[in-house]
Each structure stands twice: as C-alpha cells, then as structure tokens.
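**Q** Please model the entire structure based on the sequences and the hints provided.
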Amino acid sequence: MATWLTGLSLPWLLLWVTAAFVGLSVLSTALGFLLERLLHRRQIWRVPLDPGQYRFELRGNLNFLVVHVLVVVAAIHRDWLRLGDASPALTWVALYFGFQLYYYPMHRALHHRALVRFHRWHHRSRVTTPLSGQSMSVVEALGWTLGYVGLPALFSQLFFPISAEGWVAYLAFNVYGNIVGHANVELMSGVSRRRLVSLFTPPFVYHALHHARWTGHYGFASSTLDRLLHTEFSDWRPIHERVAAGRALESLKERA
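Position 187 of the sequence shown, counting from 1, maps to 187 under the working numbering, and the rest follow consecutively.
One or more hints might be untrue.
[Claimed, not checked] Per label pair, the in silico range of CB-to-CB distance: (1) D50 / R78: 35 to 43 Å; (2) P11 / D235: 48 to 56 Å; (3) L228 / R78: 31 to 39 Å; (4) G246 / F97: 28 to 36 Å.
Hints are computed from structural coordinates only; laboratory data are not their basis. Built from N, CA and C at the ideal position, the CB exists for glycine as well.
**A** Following this line, the structure appears as structure tokens:
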C-alpha cells in the first residue's frame with residue numbers, strides 16, 4: 001500500500017483520501033443512528049436535543065473533514081511520513097497508545113479558559129449524537145490532525161518507517177470509534193465497568209458525562225489518565241449500571 005499511496009498523482013490522491021474519510025464518516029454515522037433506533041431501551045439521555053443541533057453538527061463535520069483530507073494529502077504527497085514494511089499490528093498498537101497519551105493533555109488544554117473558545121463548538125452538543133464526534137471548530141480539528149498525522153510522522157522519523165496499512169487502520173478505528181462512541185445509546189455491558197477493562201474500553205456513558213458536565217473524563221477510549229490524574233467522576237459506574245438496565249437519565253444534572 002505504501003508504494004501505491006505515494007505513487008498516486010495529487011488529484012487522484014485527493015480523490016482517494018476524500019472518498020475514504022467521507023465514506024467512513026457517512027457509514028459510521030449511519031450505523032450510529034441505526035444503533036440509537038434499534039437499542040432505544042439503552043438510551044443514555046432522555047433529554048431533547050438543542051434546537052438546530054444537527055445543522056451546526058453538520059457544519060462542524062465539514063470543518064473536520066476538510067482539514068483532515070487536506071492535511072493527510074499533504075503528509076503523503078510531501079513525504080512527511082516514512083512508510084515502510086513495519087508490522088501493521090505493531091504500527092497500530094504504537095499509534096493507538098501514542099494517541100491516548102497525546103489526546104488527554106490536548107483535550108484538557110482545550111478546557112483552559114485561554115483555549116476553551118475553540119472547544120465550545122464541540123460542547124454545544126450537550127446530548128451527543130453520532131454527528132457530535134467530528135463536530136468541531138477548525139482550530140480543534142487541527143489539534144486532532146496532530147494526533148492523526150503529526151504523531152505517526154514523528155514516530156516514523158524517530159523510530160522506524162511505519163506500515164501504511166497500520167496507519168490507515170489506526171485512522172479508520174479512530175474515525176469509527178469517535179463517531180459511534182458519541183451515539184446516545186449504551187452498547188457496553190457491565191464488564192466495561194470493571195476497573196481493568198475500563199482502562200482500555202470504558203462504556204459510552206463515560207464520555208457522555210463529559211459533554212453534560214464539561215470538566216472531567218478527558219481521555220479518548222480510555223479511563224487510564226483520568227484515573228491517574230484524578231479527573232474521573234466517582235459516580236460513573238452506578239450511572240452506567242442504571243442506563244444498562246434500561247433507565248435513561250432524565251436530566252443533564254443528574255448524579256448517582
């Protein structure tokens with residue numbers, strides 16, 4: 001794949017990257033809304049969406065997609081990443097854990113009063129939908145590109161040429177997980193409440209509480225750094241137990 005990607009002309013590269021990002025985003029969003037319809041008994045918030053929420057979320061998704069398509073195309077076309085024959089699995093694992101370490105401080109910094117204006121767009125979605133995951137300002141989208149492109153580029157320059165297949169799988173996992181993970185429905189079972197399991201895959205309620213409460217739960221698909229740095233809500237487990245039992249939350253201010 002590395003040779004195929006770097007061998008594409010700029011117009012074809014732009015076309016393929018656009019098709020990949022837009023296609024995966026549309027399919028993941030459709031799946032998220034389908035899950036909300038099929039699993040309505042596991043709804044997290046029984047609270048109405050804000051007026052016009054879908055419209056501003058669509059605009060935020062456009063910000064995200066334009067920024068990421070252009071940056072990924074530039075990274076491949078300008079050889080910012082060293083692509084080689086490394087193991088796809090090793091590449092994926094290294095980038096996955098690297099992103100967890102990058103995302104927490106980036107996300108927490110966006111809640112600082114000096115930067116929060118760039119993060120307000122994403123937090124306009126108090127009750128999240130599958131469109132919420134990639135709904136953000138251009139500045140915040142650029143922050144995400146550092147994790148999607150900058151981190152792999154740095155890794156490939158410092159250590160070894162990364163696998164193109166592993167990088168693409170890492171991007172696909174993050175796009176899918178971010179979109180479906182914002183659906184207003186709980187897919188995870190009680191196993192995800194266990195201390196060890198939640199370090200790697202906390203339930204959907206975990207991030208839903210962040211949108212409702214603003215501070216706390218800054219991690220991406222992990223509770224590890226929140227736990228270590230004391231930004232974990234103490235009541236998320238009983239709240240998840242309640243939602244998993246089919247009793248949705250009736251107010252954004254609810255506590256367990």
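**Q** Each hint needs a verdict: does it hold in this structure or not?
**A** Verification of the hints:
A beta carbon spacing of about 40 Å between D50 and R78 agrees with the range 35 to 43 Å that was offered as a hint. Here the CB-CB span from P11 to D235 is close to 53 Å, well matched to the stated 48 to 56 Å. Under the hint 31 to 39 Å, the C-beta atoms of L228 and R78, about 37 Å apart, fit the expected range. Our hint of 28 to 36 Å for G246 and F97 holds, since their Cβ atoms are close to 35 Å apart.
Checked against the numbered hints given earlier, the structure satisfies every one of them.
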